[in-house]
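Engineer: Can you build the whole structure from these sequences, using the hints too?
If you read the sequences in order, they're chains A and B. The letter at position 101 of the first sequence is residue 99 when you use this note's numbering, and the numbering goes up by one with no holes. With positions in the second sequence counted from 1, the corresponding number in this note's numbering is that position plus 406.
Some hints here could point you the wrong way.
With a cut-off of at most 16 Å between alpha-carbon atoms, the simulated EDC-like pairs for lysine to aspartate or glutamate come out as follows [said to hold, decoys possible]:
{"hint": "1", "chain 1": "B", "residue 1": "Lys769", "chain 2": "B", "residue 2": "Glu679"}
{"hint": "2", "chain 1": "B", "residue 1": "Lys461", "chain 2": "A", "residue 2": "Glu39"}
{"hint": "3", "chain 1": "B", "residue 1": "Lys752", "chain 2": "A", "residue 2": "Asp85"}
{"hint": "4", "chain 1": "B", "residue 1": "Lys461", "chain 2": "A", "residue 2": "Glu103"}
{"hint": "5", "chain 1": "B", "residue 1": "Lys752", "chain 2": "A", "residue 2": "Glu39"}
{"hint": "6", "chain 1": "B", "residue 1": "Lys752", "chain 2": "A", "residue 2": "Asp83"}
{"hint": "7", "chain 1": "B", "residue 1": "Lys752", "chain 2": "A", "residue 2": "Glu101"}
{"hint": "8", "chain 1": "B", "residue 1": "Lys473", "chain 2": "B", "residue 2": "Asp520"}
{"hint": "9", "chain 1": "B", "residue 1": "Lys461", "chain 2": "A", "residue 2": "Glu21"}
{"hint": "10", "chain 1": "B", "residue 1": "Lys483", "chain 2": "B", "residue 2": "Asp820"}
{"hint": "11", "chain 1": "B", "residue 1": "Lys461", "chain 2": "A", "residue 2": "Glu25"}
{"hint": "12", "chain 1": "B", "residue 1": "Lys465", "chain 2": "A", "residue 2": "Asp22"}
{"hint": "13", "chain 1": "B", "residue 1": "Lys758", "chain 2": "B", "residue 2": "Asp712"}
Short, incomplete list of chain B residues facing chain A, as computed with Cβ under 10 Å [what the hints assert, rightly or not]:
{"hint": "14", "residue": "Arg691"}
{"hint": "15", "residue": "His693"}
{"hint": "16", "residue": "Lys752"}
Away from chain A, derived, C-beta distances all over 12 Å, residues of chain B [stated by the list, open to error]:
{"hint": "17", "residue": "Leu431"}
{"hint": "18", "residue": "His706"}
{"hint": "19", "residue": "Ala795"}
These are calculated hints, taken from the structure and not from any lab test. Backbone N, C-alpha and C define an ideal beta-carbon position, used for all residues, glycine too.
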Amino acid sequence: MAWIKVDAAAAIADGEYQLVTTEDDVELLVANVDGEFHAIENLCTHDNGSLEGGCIEDGEIVCPRHGARFCLRSGEVTAPPAYEDVDVYPVRIVDGVVEVADEPED
Amino acid sequence: MSLSEYTDQWLSAVMPQVSEGPGWLTDLRQGAVEQFATQGLPHARLENWKYTDVKALAKRDFSLPKKVDAAELVAEKSLGVQGLRLVFVDGLFSPELSDLGDLPKGVNVLPLADNANAAKTVLGQVAAANFSGFTALNLASWQDGVLIDLANNAVLEQPVYLQFVSTAQENAVLIQPRILIKAGVHAQATVIEHYSGAEEAASFSNVVTEVDLADGARITHYKLQQESAKQYHVASLHVQQQRDSRFTSHNICLGGKLARQDIQVELNAEGAEVYLDGLYLGNGRQHLDNHTLVNHNAPHTNSNEDYKGILNDRSRGVFNGRAVVHRNAQKIEAHQSNANLLLSDKAEIDTKPELEIYADDVKCSHGSTTGQLDESALFALRSRGIDEAMARGLLTLAFANEVIDRIEIPEVHDQIEEAVAGRLPEKFNLKGLV
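Structural biologist: Structure representation (structure tokens):
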């Protein structure tokens, strides 16, 4: 498992996120939720589209197209029209820089 | 970066090739450049690309290939098929590694880069530049390829083996072959397109194949894609058939990080028939997409399609088989089947067989299945003393063999069977047993 540098932790404000792509072409959404960083695959399992543009509410990202919601901590789907969870990726902070793993949590 | 910026970046990469060659060709290329600039690369909002996202591919930089020596790699990856052999290293024809042998009367097999004028009446006639952004990009800047021209009644007994090998380069390269097959009245040939690469090769192959069959012509086409796990492969095969012609396609898709194959067949006159066989096997995070379209444009035409998929780990498969029966195409038969075996909880298939019928006297069927190995069959094997891993392997290979066994060239059959067995999950790897 390799770690990908995202950005300085200070650069991602609470309630905001950044996108990063792994070597396997998986796009990840790395979000700051109440000072904790979490990463999920940037994919709405409803229509296979991107979650980019969605806002974060109560630790969940809301799909900007149809309103499906995914928990940023667990990847669990919490609101239709999506019914499948998304993958969650480990995140760590090294010297103030947010890093994300290139393999999902099991 | 916006899509237009990607398009500009890609256009500037291929521009050096656009002005090469005779006047008619530069005009054709220039038209395709404009088409590509308008169309851009496909995106997920297009129904045909809904499940295959090329956004990550679009962001990558590619350079143009240069001639390199790859004799060892070519020998290692060869299927060892007897007959004519044309080798392309990073998409460029390699005469020293090829064997054009003695061609029978009426048969011309010409590397395209040096013989573009011979292809003037064929190039771009079957594959429309606007089929997708990738097709336009290929027409704008194909580097090399082959023209197989069969005169009326010409019969090529031995297969034509087109071996495409990608090498590991410091900068990933964009490989764009163009393959043209023109079969005259009652002409016959077998063509094998084989793609493979060094383990570290990270190139992008953008392939377009055009096949034109005159009355009574018979072409058997093999497409074997075994590229490395870092390569991208987007290909489209366009076929146009006249009266009583027969086209058979065997499409085996094993390699690539992202692989997309389109097949478009136009059955334009009575008696034309097409057989489309396919097998895709995904491991890791591979994404394998097969889209086929058969247009029944005339009465008494037949199409038969059988695709099978095996998906393991987190791989993803896409199958879309569409048959369109046009208003005057009475008494046609169109049959379509797609079966999928999922070996892991995380593997996924999006399958959509489609029939669109405007005539009222036709025989059509289509179906799609997705499932796991049959537990009762597993039990039957285990009750005969075969351990579980071996039993799972045997059943999975048996599923694939329904397609593989229709491959008529023994060397290709054996190597594909072995390659499939070698790619099954390690716990039931059958390599060496088949």
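Engineer: Does the structure break any of the earlier hints, and which numbers would those be?
Structural biologist: When the structure is compared with the hints, only number 4 turns out to be violated.
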